[in-house]
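Can you make the complete structure from the sequences, with help from the hints?
There are 6 protein chains.
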Amino acid sequence: MSFNHREEHVDDGMLLIQANLDDMNPEWVSYIMDKLFDAGANDVYVVPIIMKKGRPGIMLNVLVEATRLSSIEDVIFSETTTLGIRYMHASCHRLGREFEQVDTKWGLLTVKVGYHQGKLVQYAPEFKECERVAKEYQVPLKLVYEEVRTQFMLQHKKASS
Amino acid sequence: MSFNHREEHVDDGMLLIQANLDDMNPEWVSYIMDKLFDAGANDVYVVPIIMKKGRPGIMLNVLVEATRLSSIEDVIFSETTTLGIRYMHASCHRLGREFEQVDTKWGLLTVKVGYHQGKLVQYAPEFKECERVAKEYQVPLKLVYEEVRTQFMLQHKKASS
Amino acid sequence: MSFNHREEHVDDGMLLIQANLDDMNPEWVSYIMDKLFDAGANDVYVVPIIMKKGRPGIMLNVLVEATRLSSIEDVIFSETTTLGIRYMHASCHRLGREFEQVDTKWGLLTVKVGYHQGKLVQYAPEFKECERVAKEYQVPLKLVYEEVRTQFMLQHKKASS
Amino acid sequence: MSFNHREEHVDDGMLLIQANLDDMNPEWVSYIMDKLFDAGANDVYVVPIIMKKGRPGIMLNVLVEATRLSSIEDVIFSETTTLGIRYMHASCHRLGREFEQVDTKWGLLTVKVGYHQGKLVQYAPEFKECERVAKEYQVPLKLVYEEVRTQFMLQHKKASS
Amino acid sequence: MSFNHREEHVDDGMLLIQANLDDMNPEWVSYIMDKLFDAGANDVYVVPIIMKKGRPGIMLNVLVEATRLSSIEDVIFSETTTLGIRYMHASCHRLGREFEQVDTKWGLLTVKVGYHQGKLVQYAPEFKECERVAKEYQVPLKLVYEEVRTQFMLQHKKASS
Amino acid sequence: MSFNHREEHVDDGMLLIQANLDDMNPEWVSYIMDKLFDAGANDVYVVPIIMKKGRPGIMLNVLVEATRLSSIEDVIFSETTTLGIRYMHASCHRLGREFEQVDTKWGLLTVKVGYHQGKLVQYAPEFKECERVAKEYQVPLKLVYEEVRTQFMLQHKKASS
Chain A
1 MSFNHREEHV
11 DDGMLLIQAN
21 LDDMNPEWVS
31 YIMDKLFDAG
41 ANDVYVVPII
51 MKKGRPGIML
61 NVLVEATRLS
71 SIEDVIFSET
81 TTLGIRYMHA
91 SCHRLGREFE
101 QVDTKWGLLT
111 VKVGYHQGKL
121 VQYAPEFKEC
131 ERVAKEYQVP
141 LKLVYEEVRT
151 QFMLQHKKAS
161 S
Chain B
1001 MSFNHREEHV
1011 DDGMLLIQAN
1021 LDDMNPEWVS
1031 YIMDKLFDAG
1041 ANDVYVVPII
1051 MKKGRPGIML
1061 NVLVEATRLS
1071 SIEDVIFSET
1081 TTLGIRYMHA
1091 SCHRLGREFE
1101 QVDTKWGLLT
1111 VKVGYHQGKL
1121 VQYAPEFKEC
1131 ERVAKEYQVP
1141 LKLVYEEVRT
1151 QFMLQHKKAS
1161 S
Chain C
2001 MSFNHREEHV
2011 DDGMLLIQAN
2021 LDDMNPEWVS
2031 YIMDKLFDAG
2041 ANDVYVVPII
2051 MKKGRPGIML
2061 NVLVEATRLS
2071 SIEDVIFSET
2081 TTLGIRYMHA
2091 SCHRLGREFE
2101 QVDTKWGLLT
2111 VKVGYHQGKL
2121 VQYAPEFKEC
2131 ERVAKEYQVP
2141 LKLVYEEVRT
2151 QFMLQHKKAS
2161 S
Chain D
3001 MSFNHREEHV
3011 DDGMLLIQAN
3021 LDDMNPEWVS
3031 YIMDKLFDAG
3041 ANDVYVVPII
3051 MKKGRPGIML
3061 NVLVEATRLS
3071 SIEDVIFSET
3081 TTLGIRYMHA
3091 SCHRLGREFE
3101 QVDTKWGLLT
3111 VKVGYHQGKL
3121 VQYAPEFKEC
3131 ERVAKEYQVP
3141 LKLVYEEVRT
3151 QFMLQHKKAS
3161 S
Chain E
4001 MSFNHREEHV
4011 DDGMLLIQAN
4021 LDDMNPEWVS
4031 YIMDKLFDAG
4041 ANDVYVVPII
4051 MKKGRPGIML
4061 NVLVEATRLS
4071 SIEDVIFSET
4081 TTLGIRYMHA
4091 SCHRLGREFE
4101 QVDTKWGLLT
4111 VKVGYHQGKL
4121 VQYAPEFKEC
4131 ERVAKEYQVP
4141 LKLVYEEVRT
4151 QFMLQHKKAS
4161 S
Chain F
5001 MSFNHREEHV
5011 DDGMLLIQAN
5021 LDDMNPEWVS
5031 YIMDKLFDAG
5041 ANDVYVVPII
5051 MKKGRPGIML
5061 NVLVEATRLS
5071 SIEDVIFSET
5081 TTLGIRYMHA
5091 SCHRLGREFE
5101 QVDTKWGLLT
5111 VKVGYHQGKL
5121 VQYAPEFKEC
5131 ERVAKEYQVP
5141 LKLVYEEVRT
5151 QFMLQHKKAS
5161 S
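Chains as they are written, first to last, in my numbering: chain A, 1 to 161; chain B, 1001 to 1161; chain C, 2001 to 2161; chain D, 3001 to 3161; chain E, 4001 to 4161; chain F, 5001 to 5161.
Hints are computed from structural coordinates only; laboratory data are not their basis.
Some clues are possibly wrong.
In silico SDA-like cross-links for lysine to any residue, where the CA-CA straight-line distance does not exceed 25 Å [to be verified]:
no. : chain 1 : residue 1 : chain 2 : residue 2
1   : C       : Lys2158   : F       : Ala5159
2   : C       : Lys2052   : C       : Met2088
3   : B       : Lys1105   : D       : Ser3078
4   : B       : Lys1135   : D       : Lys3128
5   : D       : Lys3135   : D       : Glu3147
6   : E       : Lys4052   : F       : Glu5129
7   : C       : Lys2119   : C       : Leu2016
8   : B       : Lys1128   : B       : Tyr1045
9   : B       : Lys1119   : E       : Lys4105
Set out below in structure tokens:
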């Protein structure tokens, strides 16, 4: 089944896959995370953990549609050092998502907006675009974020007044 | 379904709800945890994680009865910055819980007691009361705990002899 | 049901048991982990978490066959301070596992090998044996690992040529 | 020596005090942090660590003026379980700090402002006030923050135009 | 200079040595910690950190007398994968330490006691002995601790009455 | 003073700069780390911590030559949300470093080698090159590392025989 991510929905066919790694070079982690996203993962993150004999390990977590389990497993088994993985069934509730443009002193910039039951509850400047502006105009990244958020709020106040 | 928390029981209708937060002001976390408890959460905790692009994020975890899912979602979507949550079905096995009074040099203080298959396996001084005594009598908190635990043990030895 | 760990397999009858501990002496953790392995746990690990009122706690995780739930619960309730545990159903996908001997300058040493769909994907020197060699021959542990891995690779290159 | 915190300055007479705790009830941590602030600590924070034998411990950190070392030690030795502490000399570079009022739909709210070499580089809504407004007006805390930040930016744009 | 650990004292000749490890097998950590204690370290602990490119690394910390710097460096450079270490001067304030025997139902057990300015402020059952009793008598480790602490408190109340 | 990094040396003129961040969008961290390296930092890493009121914060750490303090401060004050930083004097002991080429089935690849008192103690494949090979030849990154390390060991055995 495939979902229209513009609509708020619940997807009951997800898996949370986990692998504990205590004997792997941590230098490889970001490379592996990228490969997992390429293989269809919806989200990937790692958690610092303490394993048997007091070993400081990391737990790799992959959230993915159940239909893509074997692609994810192929990446995990070939790229990490684990001898096994586990997974649990999960449901994902995703907000309706839209992209809006806001007018800033550095041109139009994108804001990702989230809707819950038809109501705007989230808005976040797009990191990549803000980063580009910060570099190009030599301004602190936090100022770019502030400007985008302020313009977004003003634009919406005007719209609702 | 509602459970009598004085009796040991297993509740199979629980959900573990998770949201990964990588773009939120961490200053808001304790406020949000309080709101989640107010909305009926049985437990709330956060886990430091590493998200894509090496971002140090936090994973919010809420353990709650399945019937209260939407109340918890309302808090998460309005108070945090996440665009989605996930949840897994969970069973909770809770010990029978009782409160006992123990007589200490600072008056009667409460101990929370846990029973597994009819046998006393846990006892913990109530934090709030010990904290109040420590402040009022200007004694180290750890001494208050020690005194409460010692008196509890003596009381139970007497009872069983 | 019991599995032959030499064959790659998926075991759908597993549980992931969790207990949050915010009032326990952390000194006991490794002792408790050992007891849980003795009670049949397939894996045990702890995660640093932040609990209500900003308490730095630890989450104990036990991966185990569902049939052993009560043995694990007995250990958790008698050895930790928790008043409840939760568990989720999980599936474990385990690689086929074999042990190979490799010839090194310190004698024969064991390598644990993992197979995914008939293909060798993992190999790891046995920690205990390498540790023994490092101590006995006064060489850095990392050199022992390197030597074992190098010899394993050469042995397999020869075999496949 | 005492510093005027409205002026940017460097204070070379600071100590960073550390104590590793592996056998203490983590429930006491926030109480102890409060006591350390009462005893004159400039900052207090804890770091999750792994100690010998794989014990998940916490490292308590206190930043304080050297002249207050013994008051801090008294709190640490009487309230925690440590048998020793260590400290290192540190210098603190603190921005000039001022408080400004901004006019919002919920009345005047305070923003803490930081100056580096005469230039405004930081501004942060006061948590306590925003939290009070969120509760009183039943609005999400994040909206209160957004409103305060937006009004602050608009006020400063006007001032500089 | 050498200190009598039975007397409370401050040792100004200590170093805190740190090495960040992002490309090392975490399986080796406990072995390396043991070697560092053998080389004279007063304390060793690791901290989970996030390094450049989002790598989940660990920071190794060794607290040691300045005179033993090179022995510690030899272990770190030969056993870990780091290309450099850093160190800072530190002072250690150590409580006066004594060992007391307490009479329990399992025989005499040792308590480590700490004195600050002549006043008893800490007492901790010896882990190794309690562990031995827990195994030999098949009782929960936490009960052994409780019993030792209770008997210690009763013994001291009697002594002071 | 400037050091020849090919020679093992101790640099006593270093600072370890720290800033605790509890109110900053964690999404900015990797961008800030890059800017700090650009400003001359020798190393940058972050540590998950728990701050007052139980806030999950991050501690930014920058290791840098004392002469570059103000460049680093400019980045921290303009890009993060902190109102102050602290720093401690540190010494860095760096191994002699050289780059060697090893011949692999994918061509010449670089190994970074570390020397302690004239003795080779470290060797690490260059991440960037191995990553490039893994992508270009569609092989697991861990295999590229293994091959480089094995060839390096064989090359050195030949040289020493």
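Hint check:
1. C:Lys2158 to F:Ala5159: The given pair, whose Cα atoms are some 22 Å apart, holds under the 25 Å limit.
2. C:Lys2052 to C:Met2088: Satisfied, since the Cα-Cα distance of roughly 22 Å is no more than 25 Å.
3. B:Lys1105 to D:Ser3078: Holds. B:Lys1105 to D:Ser3078 sits at ~19 Å (cutoff 25 Å).
4. B:Lys1135 to D:Lys3128: At roughly 23 Å apart (the allowed maximum being 25 Å), D:Lys3128 and B:Lys1135 satisfy the hint.
5. D:Lys3135 to D:Glu3147: Between D:Lys3135 and D:Glu3147 the Cα gap is close to 15 Å, so the pair holds against 25 Å.
6. E:Lys4052 to F:Glu5129: Roughly 17 Å between the alpha carbons, so the hint for E:Lys4052 and F:Glu5129 holds.
7. C:Lys2119 to C:Leu2016: Cα-Cα ~29 Å, so violated.
8. B:Lys1128 to B:Tyr1045: holds, 19 Å
9. B:Lys1119 to E:Lys4105: Holds, at about 21 Å.
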